[in-house]
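**Student:** Next come the chains, spelled out residue by residue.
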Amino acid sequence: MATNRTTAWNRLLNSQKGVAYLFIAPSLLIISFFVIIPMICSIVFSFLDFNIMFTKIKFAGFANFIKLFHDHRVKGALFNTFYFTIFEVPLQIIVALVIAVIIKNQSVMNTIFRGVYFIPVICSLTIVALVWEFLLDRDVGIVSFYLKQIGIHWGLLRDPDQAMPLVIIVTVWKNFGFSMVVFLAALQGIPQSLYEAASIDGIRAWDRLFKITIPMMLPTVGFCIITALTAAFQAFDQIYVMTGGGPIFRTETMVYYIYNMAFRTLKLPYASANAVVLFIIILAFSLFTFRRASAHDKDY
Amino acid sequence: MARKLFSVFMITLAVTAAVYAAPGKVTLQFWSGFTGPDRPVLEQIVKNFNDTSKTTTIEMSTMTWDVLDQKLTASFAAGSGPDFFNYGPEILGKYYNLGALTNVDELYSSGMVDKKIFPKSVIAVPVIDGKNLAAPMCVFDTMIYYNKDMFAAAGIKTLPKNQDELFAIAKKLTKKDAQGNVTQYGLGLAYDQIFQTFMYGWGLDPVDMAKNKSLMAQPDHLAYVQRMADLVTKDKISPEIASTGMDTLFNSKKIAMYCNGPWATTGHVSAGVNFDVFNIPPGPKADKISGHPLFYIPTKFMGSKIQNYYEWEKYWVDKPQQAMWAKGTGYPTIRIDMGNEESLKGTWASKFSSAADRFTTRNFVLYQNAGKIFDEELKNAWEAVCLGKATVKDAFAAASVNIDGYLVDK
Chain A
55 MATNRTTAWN
65 RLLNSQKGVA
75 YLFIAPSLLI
85 ISFFVIIPMI
95 CSIVFSFLDF
105 NIMFTKIKFA
115 GFANFIKLFH
125 DHRVKGALFN
135 TFYFTIFEVP
145 LQIIVALVIA
155 VIIKNQSVMN
165 TIFRGVYFIP
175 VICSLTIVAL
185 VWEFLLDRDV
195 GIVSFYLKQI
205 GIHWGLLRDP
215 DQAMPLVIIV
225 TVWKNFGFSM
235 VVFLAALQGI
245 PQSLYEAASI
255 DGIRAWDRLF
265 KITIPMMLPT
275 VGFCIITALT
285 AAFQAFDQIY
295 VMTGGGPIFR
305 TETMVYYIYN
315 MAFRTLKLPY
325 ASANAVVLFI
335 IILAFSLFTF
345 RRASAHDKDY
Chain B
245 MARKLFSVFM
255 ITLAVTAAVY
265 AAPGKVTLQF
275 WSGFTGPDRP
285 VLEQIVKNFN
295 DTSKTTTIEM
305 STMTWDVLDQ
315 KLTASFAAGS
325 GPDFFNYGPE
335 ILGKYYNLGA
345 LTNVDELYSS
355 GMVDKKIFPK
365 SVIAVPVIDG
375 KNLAAPMCVF
385 DTMIYYNKDM
395 FAAAGIKTLP
405 KNQDELFAIA
415 KKLTKKDAQG
425 NVTQYGLGLA
435 YDQIFQTFMY
445 GWGLDPVDMA
455 KNKSLMAQPD
465 HLAYVQRMAD
475 LVTKDKISPE
485 IASTGMDTLF
495 NSKKIAMYCN
505 GPWATTGHVS
515 AGVNFDVFNI
525 PPGPKADKIS
535 GHPLFYIPTK
545 FMGSKIQNYY
555 EWEKYWVDKP
565 QQAMWAKGTG
575 YPTIRIDMGN
585 EESLKGTWAS
595 KFSSAADRFT
605 TRNFVLYQNA
615 GKIFDEELKN
625 AWEAVCLGKA
635 TVKDAFAAAS
645 VNIDGYLVDK
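One line per chain: the protein sequences are A and B, in this order.
Under our numbering, think of the first position of the first sequence as 55, with each following residue one higher.
Under our numbering, think of the first position of the second sequence as 245, with each following residue one higher.
The following block holds chain A by itself, in its conformation from the complex:
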């Protein structure tokens, strides 16, 4: 018996696949426990009806999904989520790409700038949002103070039309440093010979950017878009701290609404149904972006 076990173990260690599985086993275990199992639970919950004490459990079929399609708050939250994502993601990628191209060369100043731009990434989003909430306050904020000096009296976070753009700007400020660092790494990976050849052919700097740099970086851009998309669809902390979903629900995103349903109203099955819908949306967008980016993944 013991010999059989030893033989099986040796066989596992001698196979390349077996060793690979052993290496990924710890992280797979953690991911299963904290991501996959809760995700499956969430899908199961969305088809049930129960209270948080897990009593009176009933099969609800698609009732939770039908309900959410008639919920005006869900419509508003979906609109706000798309609004946030459509503006935040491109802005973050463009700002990161432009700055990465500007500071890609090795110099003392560029090294300092890289550090400075990366600082917001390592700061807690909650703290960053708290600071910005004070800076952007209409009555006591410094931004408002300077705007008033030049005759602009904006409501800022209290204005339903300005609140979401401001949340987007703060999020871009907080996150672009991460994409910038990834772009910087990708820029280093572009073969120098391509630029030399372009230089010999007399290609202008502008054309080099659009015909060499950006096409060569498309897989990296795709990766950054997928991570930024996922984060944008899940925007919560900054909204929770800066606006609380207001004014008049104009910054209430899907995740904020799900939180509200689950933790304030204790409607776990309904919140789960909303989470499943959001999951499907993120999955669809991520797959689409991944396929588009992969299509440009070429070896040179």
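In short, the hints are calculated from the structure, not lab data.
Just so you know, even glycine gets a beta-carbon here, dropped at the ideal spot from N, CA and C.
Hints should not be assumed to be uniformly reliable.
Keeping only pairs whose Cα atoms sit at most 20 Å apart, straight-line, the calculated PhoX-like set for lysine-lysine is [stated by the list, open to error]:
#  : chain 1 : residue 1 : chain 2 : residue 2
1  : B       : LYS497    : B       : LYS480
2  : A       : LYS202    : B       : LYS480
3  : A       : LYS158    : A       : LYS265
4  : B       : LYS480    : B       : LYS420
5  : B       : LYS480    : B       : LYS416
6  : B       : LYS595    : B       : LYS563
7  : B       : LYS633    : A       : LYS129
8  : A       : LYS202    : B       : LYS497
9  : A       : LYS121    : B       : LYS616
10 : A       : LYS321    : B       : LYS315
11 : A       : LYS202    : B       : LYS420
12 : B       : LYS405    : B       : LYS415
13 : A       : LYS129    : B       : LYS616
14 : B       : LYS457    : B       : LYS637
15 : B       : LYS360    : B       : LYS558
16 : B       : LYS419    : A       : LYS202
17 : B       : LYS616    : A       : LYS321
18 : B       : LYS595    : B       : LYS401
19 : B       : LYS497    : B       : LYS416
20 : B       : LYS364    : B       : LYS558
21 : B       : LYS315    : B       : LYS616
22 : B       : LYS633    : B       : LYS480
23 : B       : LYS595    : B       : LYS571
24 : B       : LYS415    : B       : LYS497
25 : A       : LYS110    : B       : LYS544
26 : B       : LYS478    : B       : LYS420
27 : B       : LYS558    : B       : LYS359
28 : B       : LYS571    : B       : LYS589
29 : B       : LYS529    : B       : LYS364
30 : B       : LYS544    : B       : LYS375
Anything over 12 Å on all C-beta distances counts as not near chain A; from chain B, calculated [to be verified]:
#  : residue
31 : PHE274
32 : ASN347
33 : TRP446
34 : TYR559
Based on the hints, put chain B in the right spot on chain A.
**Tutor:** Chain B only, in chain A's frame:
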């Protein structure tokens, strides 16, 4: 020598065995949402209890109200959580409907705590269907904080006696620059105070409790809301929405008056504001709602340790602890027999106690969706009106329909 050493060893062994053989103290997990200046006072009282109790140890975890709310939901769902926690009465309804709260009638029936020491509202608040579903923790009224320097500068020498006088003073205290932009607000009006304090004080309840219907679309209610909206949008006595909180604006000397509970005193003292407090002037019916934080004991986790909890409750409401709580936090004591307590004279607690005879409550907060009615529907409608996105009639007619929907889940 060897025999002596052996004796010492045996005695030490016996003493150690005796200590470890003694029945262990029962540990109670306590989650608290008091994170402000009241936190160290509560922690000290818990520590003193742990030092004196022979049977019970309390392990206290402090977190913000939002985190507490979130953790409670998760803990009820997961089946593990605190033995007791504190929270306002607004969650009574939703946890009662789940059958999650322990009936604490025994606290009074066994004579451990005498009901007569509490104001009537403290006894009334946690009762649903004749059952005591939470134990008293503290009680407070919100009062109006006012900046004495701003009052003096405006030549205001007498405090308002009714809502009309209050709003007239607020207008007088509101200052604008040459372009008409407000540089100083007269009275900070938060949405919840408009409905729970001022409108209710005027005798207008947002909900007809007997008929289980929203009253927000009724002409009297709409007229009152319109009056308040005019004060905010036309007279500009208050910011429409205060994203940083009225207390911050008061500290920054941007508002002359606002309503808050006793916990704000410490912050305003630290900020160097020259302030005092006065009772919120009553409306024609003199109705108001007081705050009643409670101790909740979830059925799921407490089990047989309830007697240990009662020991804590008895300790908590005793005079020395109540005096310490009042002196350290500014909250009034929860006992009506401490009105003349010498050690409390001249403290903020004594000022907040001046309203103690008026502590009142009602059962509206017992509705399962009370939070949604106030924090979502009424807030949303009020914001829409103040921001010019809807008329009072349209906004509150729509809110009224939604509130009726929530009232079904009583």
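**Student:** Each hint should be assessed against the structure and marked as holding or not.
**Tutor:** Hints, verified against the model:
no. : hint                  : result
1   : B:LYS497 <-> B:LYS480 : holds, 16 Å
2   : A:LYS202 <-> B:LYS480 : holds, 18 Å
3   : A:LYS158 <-> A:LYS265 : holds, 17 Å
4   : B:LYS480 <-> B:LYS420 : holds, 9 Å
5   : B:LYS480 <-> B:LYS416 : holds, 11 Å
6   : B:LYS595 <-> B:LYS563 : holds, 18 Å
7   : B:LYS633 <-> A:LYS129 : holds, 19 Å
8   : A:LYS202 <-> B:LYS497 : holds, 18 Å
9   : A:LYS121 <-> B:LYS616 : holds, 18 Å
10  : A:LYS321 <-> B:LYS315 : holds, 15 Å
11  : A:LYS202 <-> B:LYS420 : holds, 14 Å
12  : B:LYS405 <-> B:LYS415 : holds, 16 Å
13  : A:LYS129 <-> B:LYS616 : holds, 18 Å
14  : B:LYS457 <-> B:LYS637 : holds, 17 Å
15  : B:LYS360 <-> B:LYS558 : holds, 14 Å
16  : B:LYS419 <-> A:LYS202 : holds, 16 Å
17  : B:LYS616 <-> A:LYS321 : holds, 13 Å
18  : B:LYS595 <-> B:LYS401 : holds, 19 Å
19  : B:LYS497 <-> B:LYS416 : holds, 16 Å
20  : B:LYS364 <-> B:LYS558 : holds, 18 Å
21  : B:LYS315 <-> B:LYS616 : holds, 19 Å
22  : B:LYS633 <-> B:LYS480 : holds, 17 Å
23  : B:LYS595 <-> B:LYS571 : holds, 11 Å
24  : B:LYS415 <-> B:LYS497 : holds, 16 Å
25  : A:LYS110 <-> B:LYS544 : holds, 16 Å
26  : B:LYS478 <-> B:LYS420 : holds, 12 Å
27  : B:LYS558 <-> B:LYS359 : holds, 11 Å
28  : B:LYS571 <-> B:LYS589 : holds, 9 Å
29  : B:LYS529 <-> B:LYS364 : holds, 19 Å
30  : B:LYS544 <-> B:LYS375 : holds, 18 Å
31  : PHE274                : holds, 21 Å
32  : ASN347                : holds, 16 Å
33  : TRP446                : holds, 25 Å
34  : TYR559                : holds, 30 Å
In summary, the structure agrees with every hint in the numbered list given earlier.
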